[in-house]
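Participant: Line by line, the protein sequences give chains A and B. Just so you know, the numbering used here puts 51 at position 51 of the first sequence, and the rest follows in order with no gaps. Just so you know, the numbering used here puts 196 at position 78 of the second sequence, and the rest follows in order with no gaps.
Any given hint could be a false lead.
[Claimed, not checked] Lysine-lysine pairs mimicking DSS-like chemistry, simulated, CA-CA at most 27 Å apart:
id	chain 1	residue 1	chain 2	residue 2
1	B	Lys160	A	Lys36
2	B	Lys160	A	Lys40
3	B	Lys160	A	Lys19
4	B	Lys219	A	Lys40
5	B	Lys160	A	Lys22
6	A	Lys36	B	Lys174
7	A	Lys40	B	Lys227
8	B	Lys120	B	Lys224
9	B	Lys224	A	Lys18
10	B	Lys185	B	Lys174
11	B	Lys227	B	Lys174
12	A	Lys18	A	Lys36
13	B	Lys120	B	Lys174
14	B	Lys160	A	Lys18
15	B	Lys185	B	Lys120
16	A	Lys18	A	Lys41
17	A	Lys41	B	Lys224
18	A	Lys19	A	Lys36
19	A	Lys40	A	Lys19
20	A	Lys22	B	Lys219
21	B	Lys219	A	Lys41
22	B	Lys160	B	Lys185
23	A	Lys22	A	Lys36
24	A	Lys41	B	Lys185
No lab work stands behind these hints, which were simulated from the structure alone.
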Amino acid sequence: ETGVTQTPRHLVMGMTNKKSLKCEQHLGHNAMYWYKQSAKKPLELMFVYNFKEQTENNSVPSRFSPECPNSSHLFLHLHTLQPEDSALYLCASSQDNPTGRALYSPLHFGNGTRLTVT
Amino acid sequence: QKEVEQNSGPLSVPEGAIASLNCTYSDRGSQSFFWYRQYSGKSPELIMFIYSNGDKEDGRFTAQLNKASQYVSLLIRDSQPSDSATYLCAVNMGTQGGSEKLVFGKGTKLTVNP
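Just chain A, with the same shape it has in the complex:
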């Protein structure tokens, strides 16, 4: 039990499908993140939500659409994906300092969703 739960664990979808990834954190954190992990590449930050406000969008294509209805839940809506979008998508949360730079704010990751686009 990681405290951050992601569903589904595995997802296979066609390029014309629409699907959503779900993440829920039970740690009382105030920031949530989506990361993409592809083979032989570093973890890539996609989106950050802090206090439910999106504070970062790392030039992610519009076929990925995040939603954060509250500080415990995060979604990633997917549509018209490409085969190169196949990867492990990781959700994470942290407790951040709202007034300044947090010196120590580790990320707690969920188990990820293994996405395959056919």
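Since the structure of chain A is already known, use the hints to place chain B on it.
Facilitator: Okay, now just chain B, sitting in the frame of chain A:
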């Protein structure tokens, strides 16, 4: 471009030996440094953090930080087969909107041979 560099390995050590994992980073202003362990098919889990120059020990793990050289390392003493995993170095390269912006290296794959 802010980067974190790690030797991708694989690094292979015999059981009981010391495994040494290295990481360099580009942002001289970085203050927080993290080591995550990721088993195959699993998510990354935090094992160490350090933000002061010098050594920090936690059980069999020692993190070493040299900000002048922009270098951080992780030593694993008395390596066990269960330590076999990919080790990710992550560096805080600032905040945006109050959230930590961690930049990850590609990871070093460690294999401990019985």
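Participant: Each hint should be assessed against the structure and marked as holding or not.
Facilitator: To see whether the hints hold, each was checked on the structure:
1. For the proposed pair Lys160(B) and Lys36(A), the alpha carbon gap of about 14 Å is at most 27 Å, so the pair holds.
2. Distance hint between Lys160(B) and Lys40(A) is fulfilled; the C-alpha atoms sit about 16 Å from each other, no more than 27 Å.
3. Restraint check for Lys160(B) and Lys19(A): satisfied, since their Cα atoms lie roughly 22 Å apart, inside the 27 Å limit.
4. Annotation: proposed proximity of Lys219(B) to Lys40(A) holds, straight-line Cα distance about 21 Å (limit 27 Å).
5. Between Lys160(B) and Lys22(A), the direct Cα distance comes to roughly 17 Å. Compliance with the 27 Å bound is thereby established for this hinted pair.
6. Under the criterion of a C-alpha separation no larger than 27 Å, the hint pairing Lys36(A) with Lys174(B) is inconsistent with the structure, at around 30 Å.
7. Of the pairs offered as hints, the one joining Lys40(A) and Lys227(B) holds, with about 11 Å between alpha carbons and a cut-off of 27 Å not exceeded.
8. In summary, the hint linking Lys120(B) to Lys224(B) is supported, as the alpha carbons are separated by about 14 Å, within the 27 Å threshold.
9. A distance of roughly 30 Å separates the Cα atoms of Lys224(B) and Lys18(A); the hinted pair therefore is violated under the 27 Å criterion.
10. At roughly 14 Å between alpha-carbon atoms, Lys185(B) and Lys174(B) fall within 27 Å of each other, so this suggested pair holds.
11. Of the pairs offered as hints, the one joining Lys227(B) and Lys174(B) holds, with about 22 Å between alpha carbons and a cut-off of 27 Å not exceeded.
12. In summary, the hint linking Lys18(A) to Lys36(A) is supported, as the alpha carbons are separated by about 18 Å, within the 27 Å threshold.
13. About 25 Å separates the Cα atoms of Lys120(B) and Lys174(B), which keeps this hinted pair within 27 Å; it holds.
14. Our distance criterion of 27 Å between C-alpha atoms is met by Lys160(B) and Lys18(A), whose separation comes to about 26 Å.
15. The straight-line distance between the Cα atoms of Lys185(B) and Lys120(B) is roughly 15 Å, inside the 27 Å bound, and the hint therefore holds.
16. Distance restraint check for Lys18(A) and Lys41(A): the Cα-Cα separation of roughly 26 Å lies within the 27 Å cut-off, and the hinted pair is therefore satisfied.
17. For the hint pairing Lys41(A) with Lys224(B), the CA-to-CA distance comes to about 6 Å; that is within 27 Å, so the pair holds.
18. For the given pair, Lys19(A) sits about 16 Å from Lys36(A) by alpha-carbon distance, which is consistent with the 27 Å threshold.
19. Between Lys40(A) and Lys19(A) the CA atoms are separated by roughly 26 Å; this keeps the pair inside 27 Å, and the hint holds.
20. As the CA atoms of Lys22(A) and Lys219(B) are separated by approximately 22 Å, the hinted pair is consistent with the 27 Å bound.
21. In summary, the hint linking Lys219(B) to Lys41(A) is supported, as the alpha carbons are separated by about 17 Å, within the 27 Å threshold.
22. At most 27 Å may separate the alpha-carbon atoms for a hinted pair to count; Lys160(B) and Lys185(B) exceed this at roughly 31 Å.
23. With a C-alpha separation of about 14 Å, the suggested pair Lys22(A) and Lys36(A) falls inside the 27 Å cut-off, and the hint holds.
24. With a C-alpha separation of about 25 Å, the suggested pairing of Lys41(A) with Lys185(B) holds against the 27 Å cut-off.
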